[in-house]
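**Student:** So you can see what is in the structure, the chains are spelled out below.
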Amino acid sequence: MSPVLAGVLQLLALVAALGLSYGPLGDHMARVYSSEKHLRPEKWVYRAIGANPSAEMRWPAYLRGVLAFSAVGVLFLYGLQRAQGSLPGSLGFVSIDPDQAFNTAASFVANTNWQSYSGEQTMGHVVQTGGLAVQNFVSAAVGMAVAVALVRGFARSRTGELGNFWADLVRGVVRILLPISVIGALVLVACGVIQNFSGIHEVGQFTGGPQQWNGGAVASQEVIKELGTNGGGYFNANSAHPFENPNGLSNLFEIYLILVIPFALTRTFGRMVGSLRQGYAILGTMAVIWIGFTALMMWTEFAGRGTAFELAGGAMEGKETRFGIAGSSLFAVATTLTSTGAVNSFHSSYTGFGGGITMLGMQLGEIAPGGVGSGLYGMLIMAVIAVFLAGLMVGRTPEYLGKKIGTREITCAACYLLVTPALVLGFTAASLALDTPAHSMTNSGAHGFSEILYAYTSGANNNGSAFAGLGADTQWFNSTIGIAMLLGRFLPMVFVLALAGSLAAQRPVPETAGTLRTEKPLFTGLLVGTITIVTGLTYFPALALGPLAEGLAA
Amino acid sequence: MNNSVGNTGRVLWAGLRALLVLTLVCGVLYPLAVTGIAQLAFPARADGSEVEDASGKVVGSELIGQTYLDGDAPDLRWFQPRPSRGLGTNSVNTRYSIILSGATNRSGDNEDLIRWVTDAKAAVVEDNSTPGHPVKPSDVPADAVTSSGSGLDPHISPEYARLQVHRVAARNGLDAAAVGKLVADHTDDRILGFIGEPRVNVLELNVALRELVGRQ
Chain S
33 MSPVLAGVLQ LLALVAALGL SYGPLGDHMA RVYSSEKHLR PEKWVYRAIG
83 ANPSAEMRWP AYLRGVLAFS AVGVLFLYGL QRAQGSLPGS LGFVSIDPDQ
133 AFNTAASFVA NTNWQSYSGE QTMGHVVQTG GLAVQNFVSA AVGMAVAVAL
183 VRGFARSRTG ELGNFWADLV RGVVRILLPI SVIGALVLVA CGVIQNFSGI
233 HEVGQFTGGP QQWNGGAVAS QEVIKELGTN GGGYFNANSA HPFENPNGLS
283 NLFEIYLILV IPFALTRTFG RMVGSLRQGY AILGTMAVIW IGFTALMMWT
333 EFAGRGTAFE LAGGAMEGKE TRFGIAGSSL FAVATTLTST GAVNSFHSSY
383 TGFGGGITML GMQLGEIAPG GVGSGLYGML IMAVIAVFLA GLMVGRTPEY
433 LGKKIGTREI TCAACYLLVT PALVLGFTAA SLALDTPAHS MTNSGAHGFS
483 EILYAYTSGA NNNGSAFAGL GADTQWFNST IGIAMLLGRF LPMVFVLALA
533 GSLAAQRPVP ETAGTLRTEK PLFTGLLVGT ITIVTGLTYF PALALGPLAE
583 GLAA
Chain Y
6 MNNSVGNTGR VLWAGLRALL VLTLVCGVLY PLAVTGIAQL AFPARADGSE
56 VEDASGKVVG SELIGQTYLD GDAPDLRWFQ PRPSRGLGTN SVNTRYSIIL
106 SGATNRSGDN EDLIRWVTDA KAAVVEDNST PGHPVKPSDV PADAVTSSGS
156 GLDPHISPEY ARLQVHRVAA RNGLDAAAVG KLVADHTDDR ILGFIGEPRV
206 NVLELNVALR ELVGRQ
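Keeping their order, the protein sequence lines are chains S and Y. Reminder that position 243 of the first sequence reads as 275 in the numbering used here, one-by-one numbering, no gaps. Reminder that position 135 of the second sequence reads as 140 in the numbering used here, one-by-one numbering, no gaps.
Keep in mind that the hints are not guaranteed to be accurate.
Said to hold, decoys possible - Some chain S residues flagged as far from chain Y (calculated, every beta-carbon gap over 12 Å):
1) 52
2) 69
3) 107
4) 386
5) 434
6) 436
7) 451
8) 462
9) 551
10) 570
11) 576
12) 577
Unchecked claim - One side of the interface only, derived from the structure: several residues of chain S facing chain Y at Cβ under 7 Å:
13) 162
14) 169
15) 335
Don't read these hints as lab results, they were simulated from the structure. Values in this document were obtained by computation on a predicted structure and should not be read as measured data. Every residue gets a Cβ at the ideal spot worked out from N, C-alpha and C, and that includes glycine.
Use the sequences and the hints to build the structure in full.
**Tutor:** Here it is as structure tokens:
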């Protein structure tokens, strides 16, 4: 079998697996977020928090919950890293410097998992398992909570109430993320991912002398790293490390974990707004982009253009033998079209166009299918923009799901859209205008520019992958990327919740013959077009200087 | 909207308590439970898939690539792995020499990478050409001259393994057909015929090779 055919079959297997879980998981999540009942362990948690899980919140209260929980998360994780040197179970690793500790705390709370450190020589068991992995769960649950609040905004009328943040947070962890993680972690261990608490120990080698290995609770962290679209690797090489991703099957399973919740949330959305077909239209948009990007990536990586790759006879630099070009391309697209940022191969050594595809995937706003929760709300913002544009074309007040898109709604959506490009392009320009940041580049020319553009694209979009040639552990990059990650995560959430509040307060508009049918394939086409045009206009000049210049020169 | 100091404090306090409870659940109970089950059900896998040689001595992990060197140069008696130029050395807490995984992160037009690939190719051609079996540059597969993503790739492609057969046989005084059979026996096809790529585990192949040499 040719590698290309094997790649296509792996893609089809993924589509089939995702299709099988779409209905059950999507419906389960809709029940989780609609149920009136509280499970007994959840009641214990609410008692510990001191919150009434049945109290409805308006959007400012919901937002305060999100921000307070996340702020405490940043401080706690910062403190944990700063104290690492004095904590037991830290493998003798020292405390993390302030700038890097801030960057890492911001990174994990913002569901980004940008890492300016190398896991195996920096973070001990306590920080990895008790700090970083915990944020992998809760930052994902926060994203889903905000998405569900927006869906409630569409589904509810003449109320300003969006649900209870604490209930949504706890249910997301207890009823969705934890059960899948337990099963998934054991699947990964069966494939060969390690799961132990041994310290740094020596193992004999074939030609004599020992290797030193780092033990750890890797499988339990690996699974939530993918499932929660987090992406922070236990080891420096992330999912390229054989202890994180030992074979082709674990590779495909990890890609499945990355994609399963974001896709299924469109079903949850359809259920909650009372029309599964509305969910299918959103799903269709996501699927078209995902499959299109995967096809383009396989094409450029199998073609392997670039001086060094042509000399080598294939673009295998930075790729593992067991995954090959197909398994690496599938992973690279899934990780950058979601907010994951885990890597099983190193994007900096992709072909010029391949690197560009990973960047463009993030610049779309990570909505196809996007991060857990953030993908759905990002896509719904785009849908609001699309119906607005359609409304302009025919001269009608735009409506979506029975709600008018008026001044307030479109202002929220437009502000949402502006946040990340402003952060990405602003910080990239500042880094290049200043003297020292450019010293961190490994490659020169167009690819060097791409390293910096990629870093801020990844940070502000909460992805976390890197053109890792960039030596990002400097005070400038730690601080500015940290700020980009926090603003890129929480400012959009402010606009999403404000939008949700104003939608939930509206009375529904009756559907007429002139209403744009947003459950039809025509709307899927309009949405794909809107996303392409908005992203293209925003980022084309920057992409032309980096990956396009490199790809065309090859 | 109630943004009074007291209310903000109350929400932050609730947030802290929520974080601590969820840390207990997701950061303590969950990993301990998974570790417990994993250690019972798959102890060898959970501890790193260690490989033993014929005498029962642990010689590494089936998942972690090694180097097979004689001094600084490749020891040509053994099958050679992929280059690993992305591997780093421990720079924090240097009383350990932990293996620091990583990639080169060089782009296709990078001067270093072009030089490394060129040099690696020349070396593979030279090392593996035996009398009567010259290796052409076009025979060398891409994985033989490129570094992997982790720098710890335990595998090579079947093409690269077959390319080394004549050299390994000559250096060990073995019959090339016997070594070729060894490679064939240690070649894993795609899982279920389409998942992943065909590959040869270098450590397991070398362990079997050492056994074969010992029997001669």
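**Student:** Any hints from earlier that this structure breaks? Give me their numbers in increasing order, please.
**Tutor:** 3, 4 and 15
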